[in-house]
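Colleague: Sequence:
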Amino acid sequence: MKSFIITLLFLTVSSFAYSQSIVSYHQSPNGGQAAYAYEFNERFRPEIRLYPNTAIEDFLVKLMFNYDLIDKENHEFYSGISLLGSTVGGATFGLAVGINIYPFENKNFGFLMEFSPNIPLDEAGTPYFSGSWGIRYRLQKSKD
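If you're matching positions, the sequence shown starts at 1 in our numbering and goes up one per residue.
Warning: the hint list may mix true and false statements.
[Said to hold, decoys possible] Simulated crosslink set (DSSO-like; lysine-lysine; CA at most 30 Å straight-line): (1) 62 to 107; (2) 72 to 62; (3) 107 to 72.
No lab work stands behind these hints: they were computed from the structure. Computed from a prediction, not measured in an experiment: that's the story for all the values here.
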């Protein structure tokens, strides 16, 4: 059992050492979102976003599944789907389009802009548009 735990720990630590993890912060009129994403390959990027300015009683979590349609050295144009859920009930489905821009020599730090039409999944909800801008940092070696 001890060797199994040591092996599992070694594999976990080594996978994080070579991971393509991304952290970001999105700002919009609806509040901020702190996000963590993991690039499984150069184009597919699932992401989880937490809304830090909400109360525990009304905690919001957004799951995103993004795909880079254009993946260049200085920018990425992506599209994806999202599901926003709340602890008080209700969920919202979204279709996002966005761009990540890496204007500096260090291609790990960049900016983001995103736009999304959203459709509440309950009968009382009204569809709405949302947009955000923010910063993004890739926790990996740059692509240079």
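Colleague: Run every hint past the structure and note whether it holds.
Modeller: Hint check:
A hinted pair counts as satisfied when its Cα atoms are at most 30 Å apart, and residue 62 with residue 107 qualifies at roughly 26 Å. Simply put, residue 72 and residue 62 have alpha-carbon atoms about 26 Å apart, close enough for the 30 Å limit, and the pair holds. Pair hint residue 107 plus residue 72 holds up; C-alpha atoms about 11 Å apart against a cutoff of 30 Å.
Going through the hint list in order, the structure satisfies each hint without exception.
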